[in-house]
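A.B. asks: Here is what each chain is made of, one letter per residue.
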Amino acid sequence: MIDWFHPGLIYILGAFLIPLFRGTIKKGYLLLLPVLALINLLLMSKGVFSPEGKEWILPFLGYDLILGRVDKLSMVFAYVFVIASFCMMLYAIHIKEEGQHVAAYLYVGSTLGVVFAGDLFTLFFFWEVMAWSALYLIWYRKTKAAYGAGLRYILVHFFGGLCLLGGILLHFHATGSIALETFPWGGESSGIPLSSVLILLAFVINAAVPPLHAWLSDAYPEATVTGAVFLTAFTTKSAIYVLIRGFPGLELLIWLGAIMAVYGVVFAVLENDIRRLLAYHIISQVGYMVAGVGMGVMGTAAGEMAINGAMAHAFCHILYKALLFMGAGAVLEVTGRSKLTELGGLYRYMPITFHLYMVGAYSISGFPLFNGFVSKTMVVQASAMSHLPIIWLMLEGASIGTFLHTGLKLPWGTWFARENPVCKAKEPPKNMLAAMGITAFLCTFIGVYPKIIYDLLPYPVHYEPYAPAHVVSMSQLLGFTFIAFWLLRGKLYGERTITLDTDWFYRMAGKWVIWFCEKPLMTFAQFVDGKVMGVAGFFVWFSRNPALALHIKKEEAKLKVKRFMMSPKRAEEHAQVLVEKRKSYPGELPKLTLGASLVLILLAFSLYLILYLLMER
Amino acid sequence: MTGRMKSLFRVLYGCLFLSLVAGIWVHFYLHPEVHFFWEAFPAFSALYGFIGCVVIIMGSKAIGHYWLQKREDYYEKPKGKQREGK
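Order-wise, the sequence lines are chains A and B. The first sequence begins at 1 in this note's numbering and counts up one residue at a time. The second sequence begins at 618 in this note's numbering and counts up one residue at a time.
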């Protein structure tokens with residue numbers, strides 16, 4: 001009897017069998033894998049395989065690799081990853097290209113590997129698989145922009161992966177432990193260890209914390225329509241999971257999170273591409289979670305509320321963000337357009353897509369009765385309980401911006417804004433609509449019945465989201481945001497621009513490296529090349545007739561002296577003679593007798609002898 | 618504006634007014650826990666929503682127009698030929 005089966009392996013092993021199936025069977029098989037994984041998770045939570053809290057250990061080279069650490073923290077993330085992967089695969093089921101499905105399931109499986117990893121080596125392994133499989137979801141778009149963005153994506157994640165590996169090795173060297181536990185971060189006597197800094201750096205790169213976030217807004221909008229939906233969920237949220245494991249209550253994260261929340265909002269105002277706008281809102285929303293982790297000081301009521309809030313928000317965010325990307329992806333799928341300047345008036349053709357998208361928009365904005373309301377307000381409440389007024393204002397302010405962009409600017413610009421539709425369109429394929437429908441149902445269901453996720457959270461939840469004060473204040477906040485939007489809507493039309501972000505530094509650095517190679521380095525190389533070829537040419541010329549060559553060189557030297565000392569006329573005569581000699585070069589070679597040859601050979605030998613004797617000493 | 622839009626807006630304004638009344642009611646009858654001084658003001662969220670939205674739009678657009686927004690081919694153009702988007 002197997003005492004444990006890793007749900008990630010269902011995806012990873014299952015992914016390799018995808019090419020064996022065809023047609024409807026393949027579609028059924030693709031949807032079966034998440035169902036199997038969910039059953040596996042339910043059995044795990046019921047303690048069928050082994051009681052909760054027990055670890056699944058794999059001995060490897062003298063270390064105990066913990067592939068399965070099952071507790072409330074890992075189970076919450078695993079549930080939402082598996083449920084979301086079902087909806088996402090349903091959305092992508094019409095794709096014929098098998099490679100896309102394989103990449104998607106490797107991505108999901110490796111994320112589950114990260115979530116259940118109990119030690120750092122296992123974490124690192126799945127961390128890298130996650131980065132690589134995600135890359136293919138970008139590259140399958142097969143456009144020049146996608147190739148470029150994918151390359152930048154993987155380079156940034158290479159850097160992150162190396163930071164993680166370096167941090168793990170230093171940590172292991174210092175502590176002798178490979179367990180994924182809370183990392184040391186300063187104390188009364190000790191400073192901050194480098195290992196913790198490196199590991200934190202790797203985690204915040206994956207969580208897309210500014211200024212290390214640009215890979216996300218650069219790459220996700222260039223991914224395939226369906227690939228982008230997968231990408232929204234896993235990398236950033238698994239980073240939140242490891243942050244909760246490794247750095248709960250780290251004060252730095254509160255500020256980083258709050259800055260993230262506002263940063264994404266500011267950039268979303270400037271964005272013209274609808275999927276890039278939504279990508280900036282991933283950064284903004286993940287900011288709430290990062291801030292929640294930062295406020296999560298163990299053993300305090302506010303800390304428990306913050307960790308619960310971060311996890312609940314990750315759960316809800318995965319669902320509504322997938323829904324939003326599905327909506328934007330549907331527009332791209334049927335129109336081939338994703339820029340606000342090229343969209344407008346599509347409501348006439350795509351009303352169902354619009355309404356389903358709006359469920360996601362209400363959810364992310366935190367409208368009462370939608371799932372964002374029951375999770376986001378927990379993080380905001382935690383900031384109030386921790387007495388952090390500026391953080392509270394920043395997080396509330398980001399809520400305003402979120403509704404402004406995803407709930408107003410984007411749908412207004414895409415489905416309305418113009419009297420007549422910009423192009424012909426239709427509703428997307430049925431499977432896409434069905435996936436959006438299921439996700440929208442989950443968003444509202446959790447919003448209406450939040451107990452279902454509150455019960456999954458690691459700490460008991462003492463929070464009533466539907467307290468009248470919360471509902472009223474959120475309604476006022478969002479309602480008056482709409483008024484301001486309506487007054488200023490003229491300013492929010494898309495502009496045909498791109499927005500510079502921190503990827504500017506490495507994109508320009510790349511250009512400068514290429515410029516340096518092409519210009520100064522090439523000039524220098526040509527200079528050296530020219531000189532060396534000149535010397536070589538001289539030796540070739542000289543060796544044709546060394547005696548005459550020496551004579552010519554001697555005459556040239558004489559001519560220089562003559563030009564300086566004698567009348568120009570005589571010097572000119574000399575020059576004429578020299579030109580004649582050069583022309584006739586190499587001329588007739590001097591005929592050497594046998595004796596002369598022997599002398600030369602002996603000379604060479606004696607030189608060799610002298611060298612030999614010198615070296616010997 | 619069509620008639621349907623007009624009635625929609627009437628409902629919306631009604632809801633907003635209702636939310637303000639509800640804010641006052643919550644404040645004076647339920648006495649919710651107050652963490653920061655501004656929460657004592659019954660319509661704070663409404664004011665913050667409106668002002669926040671205006672600030673976000675104007676502030677971001679200013680940053681964008683004067684600094685961050687560039688032509689779409691910004692990264693493709695050879696160096697020296699880049700100009701502002703506006």
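Possibly wrong hints are sitting among the right ones.
Claimed, not checked - Pairs of lysine to aspartate or glutamate residues, derived as EDC-like cross-links and limited to a Cα-Cα distance of at most 20 Å, are as follows:
1. A/Lys72 x A/Asp455
2. A/Lys519 x B/Glu689
3. A/Lys27 x A/Glu97
4. B/Lys687 x A/Glu97
5. A/Lys511 x B/Glu656
6. A/Lys142 x B/Glu693
7. A/Lys560 x A/Glu572
8. A/Lys339 x B/Glu689
9. A/Lys339 x B/Asp690
10. A/Lys26 x A/Asp71
11. B/Lys678 x A/Glu572
12. A/Lys46 x A/Asp71
13. A/Lys430 x A/Glu97
14. A/Lys144 x B/Asp690
15. A/Lys144 x B/Glu693
16. B/Lys623 x A/Glu616
17. A/Lys511 x B/Glu693
18. B/Lys687 x A/Glu342
19. A/Lys144 x B/Glu689
20. A/Lys511 x B/Glu650
Note that these hints are calculated values from the structure, not bench results.
A.B. asks: All hints are to be evaluated individually against the structure, with a verdict given for each.
C.D. replies: These are the hints, each one checked on the structure:
1. A/Lys72 x A/Asp455: holds, 10 Å
2. A/Lys519 x B/Glu689: violated, 26 Å
3. A/Lys27 x A/Glu97: Answer holds: A/Lys27 to A/Glu97 is near 12 Å, not above 20 Å.
4. B/Lys687 x A/Glu97: violated, 36 Å
5. A/Lys511 x B/Glu656: violated, 51 Å
6. A/Lys142 x B/Glu693: holds, 18 Å
7. A/Lys560 x A/Glu572: Cα-Cα ~11 Å, so holds.
8. A/Lys339 x B/Glu689: Roughly 12 Å between the alpha carbons, so the hint for A/Lys339 and B/Glu689 holds.
9. A/Lys339 x B/Asp690: The hint holds at about 15 Å.
10. A/Lys26 x A/Asp71: violated, 33 Å
11. B/Lys678 x A/Glu572: violated, 77 Å
12. A/Lys46 x A/Asp71: holds, 12 Å
13. A/Lys430 x A/Glu97: Holds - the C-alpha atoms of A/Glu97 and A/Lys430 are around 18 Å apart, at most 20 Å.
14. A/Lys144 x B/Asp690: Between A/Lys144 and B/Asp690 the Cα gap is close to 13 Å, so the pair holds against 20 Å.
15. A/Lys144 x B/Glu693: With a Cα-Cα distance of about 11 Å, the restraint between A/Lys144 and B/Glu693 holds, given a limit of 20 Å.
16. B/Lys623 x A/Glu616: Roughly 106 Å between the alpha carbons, so the hint for B/Lys623 and A/Glu616 is violated.
17. A/Lys511 x B/Glu693: holds, 10 Å
18. B/Lys687 x A/Glu342: holds, 18 Å
19. A/Lys144 x B/Glu689: holds, 15 Å
20. A/Lys511 x B/Glu650: The hint is violated at about 56 Å.
In summary, the structure is inconsistent with hints 2, 4, 5, 10, 11, 16, 20 from the numbered list given earlier, while agreeing with the others.
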